[in-house]
Amino acid sequence: MREVYMDHGATAPIRPEVVEAMLPYLREHFGNPLSLHGYGEEPRQAIEAAREKVAALIGAQPNEIYFTANGSEANNMAVKGIATMARTKGKGNHIVVSAIEHQSVLYSAETMGKLGFEVTPVPVDRYGLVDPQAVANALRDDTALVSVMLANSEIGTIEPVAEIAKLVKARGIPFHTDAVAAVGRIPVNVGELGVDVLSLAGSQFYGPKGSGALYIRRGTRILPLIDGGIQEGGRRAGLEDVPAIVGLGVAAELAAAEMKKRAAQLLPLRDRLIERLTTEIPRVYLTGHPTQRLPYHVSVTVEYIEGESMLLFLSMQGIAVSSGSTCTSRALKASHVLTAIGVEAALAQGSLVFTMGEGNSMEDVDYVMGLLPGIIDRLRQMSPLYKPGQ
Amino acid sequence: MYTDIVMDHFMHPRNVGEIPEADGVGSVGNPVCGDMMTFYIKVKDGRIEDVKFKTFGCGAAIAVSSIVTEMVKGMTLEEARNLTKQQVAEKLGGLPPQKMHCSNLGTQALAQAIADYEARQAEVAKA
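Quick mapping for you: the protein sequence lines, in order, are chains A and B.
Quick note on the numbering used here: the first sequence kicks off at 1 and runs consecutively.
Quick note on the numbering used here: the second sequence kicks off at 391 and runs consecutively.
Since the hints were derived computationally from the structure, they do not count as laboratory data.
Among the hints, a few may not be true.
Part of the chain B face toward chain A, derived, beta carbon under 7 Å [stated by the list, open to error]:
(1) Gly447
(2) Cys448
(3) Thr466
(4) Leu467
Subject to a maximum C-alpha distance of 25 Å in a straight line, what follows is the list of computed BS3-like cross-link-like pairs (lysine-lysine) [unchecked claim]:
(5) A:Lys387 <-> B:Lys432
(6) A:Lys209 <-> A:Lys91
(7) A:Lys80 <-> A:Lys209
(8) A:Lys114 <-> A:Lys91
(9) B:Lys463 <-> B:Lys481
(10) A:Lys333 <-> B:Lys475
(11) A:Lys387 <-> B:Lys444
(12) A:Lys169 <-> A:Lys80
(13) B:Lys463 <-> B:Lys432
(14) B:Lys442 <-> A:Lys387
(15) B:Lys444 <-> A:Lys333
Keep in mind it's a predicted model, so treat the numbers as computed, not measured.
Backbone N, C-alpha and C define an ideal beta-carbon position, used for all residues, glycine too.
Work out the full structure, taking the sequences as your base and the hints as a guide.
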């Protein structure tokens, strides 16, 4: 049976070069980077080398990179760190986010809401695009933070972050972008984007799980999420996960070198899969923007049936994809992203998300299209909503 | 996540379809929530002679629908009405906690079909 992994949005396989680079830091170089004796030397240098590589990937300075355990932590650090810092200065009562942010941003803002912050979610259009002027209109004198993601992991849409940042920065308000779905896969430059804070995660671009980072522009004030030791310039305490950080650095280096090649490989697969899905199977609709979208991302809704049952049948045939249906969410909640772009609730249940990577090929696309129509037809025959011939 | 029994019923569901001249039809849930089941029953001499289902939902929902039809064929209306979600889940070899509501939906849909049958019988009796 062919194994087709198209769930790189969940996590990506780790590159062999990354594993090789990590091993010495799991074995011989086990010391604490803060130790003054010799055992700290190698780990300390390795962390700083990784910091330079991550900085280079996004056009930042090394001392602007702060390592975290994952993208969610980076998002929490950004939202909570900036909002609470504003509070200590006695100003800042308001947070602006897009309606389709990742849960780690939305729930962080919600938690700030419990501390008295007002949160304004800016709506998106049917493609999931944020209107920069809508963000500008939402800004107040007491806005402490604006957070709009660079790209959405559920519908693939790439946001006009540079334009939004311009308007936000004109008001002197800190601007954060969750770039977890984008970094390592499309060119991301913090200078060009004009953001103050940016989140990324290593497992998205063939690095290890447990690796992430928050870019914090020099001069941006932030209260640490994790207090304690002096690691990460005192902004993120705790003994560093040296192997993960080393892995992240190598993954960043590979991403920078292979950036063009990766997009060139993935774009034809993405466009072919979109074309085949929407033309060969009736009542299948693309979600997200057709062209202003991540090069590896295909997301559709399939009418009359539910996502998890499609996932199960696909999984039995060796195909791994994802869904935004209620049943596939542990919290049993409908996708807030699909709701925000106006997908009708029943149709949103038939969500399928394919996120491709370097291991995928046109043969994989053909294999999926060889099986999916039959699976969909089978489930439609079972559905009380489907009348044959639709 | 699912037991072998659940997967079997998911892959090879029993009694899928509609009964055109059904004696009772019951429908619960709705696609907005993510699960919807419709049961069709044929009743003879106070027993469920035939039963079919259509379901919009996840693996658990389909498996529940399928096994309910298997369990109730031949039961008296009383027995069928008394079917509990625990019995259904047990027969499936267990369901993950967040999927237990699917077994509830199955017994509810069946109960609705029986109630529909009885309502129709009452109409006929009145006439």
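Hints, one by one, checked against the model:
At about 5 Å, the closest approach between the beta carbon of Gly447 of chain B and any beta carbon in chain A falls short of 7 Å, and the interface hint on this residue holds. The interface hint given for Cys448 of chain B is met, as the beta carbon of that residue sits about 4 Å from the closest beta carbon of chain A, less than 7 Å. Checking Thr466 of chain B against chain A by beta carbon gives a least distance of about 26 Å; that is not within 7 Å, so the hint is violated. Because the closest C-beta pair between Leu467 of chain B and chain A is about 23 Å apart, greater than 7 Å, the hint is violated.
Note on Lys387 of chain A and Lys432 of chain B: the hinted pairing holds, with a Cα-Cα distance of about 22 Å set against a maximum of 25 Å. With a CA separation close to 37 Å, the supplied pair Lys209 of chain A and Lys91 of chain A exceeds the 25 Å bound. For the hint linking Lys80 of chain A to Lys209 of chain A, the alpha-carbon distance of about 23 Å falls within 25 Å, and the restraint holds. The hinted pair formed by Lys114 of chain A and Lys91 of chain A meets the criterion: a straight-line CA distance of about 17 Å does not exceed 25 Å.
A distance of roughly 15 Å separates the Cα atoms of Lys463 of chain B and Lys481 of chain B; the hinted pair therefore holds under the 25 Å criterion. At most 25 Å may separate the alpha-carbon atoms for a hinted pair to count; Lys333 of chain A and Lys475 of chain B meet this at roughly 22 Å. For a cut-off of 25 Å, the pair hint linking Lys387 of chain A to Lys444 of chain B stands: about 12 Å separates their Cα positions. Restraint check for Lys169 of chain A and Lys80 of chain A: the C-alpha separation of about 19 Å stays at or below 25 Å, so the hint holds.
Restraint check: the Cα-Cα separation between Lys463 of chain B and Lys432 of chain B comes to about 10 Å, which is no more than 25 Å; the hinted pair holds. Between Lys442 of chain B and Lys387 of chain A the alpha-carbon distance is near 16 Å, which keeps this suggested pair within the 25 Å criterion. Of the pairs offered as hints, the one joining Lys444 of chain B and Lys333 of chain A holds, with about 23 Å between alpha carbons and a cut-off of 25 Å not exceeded.
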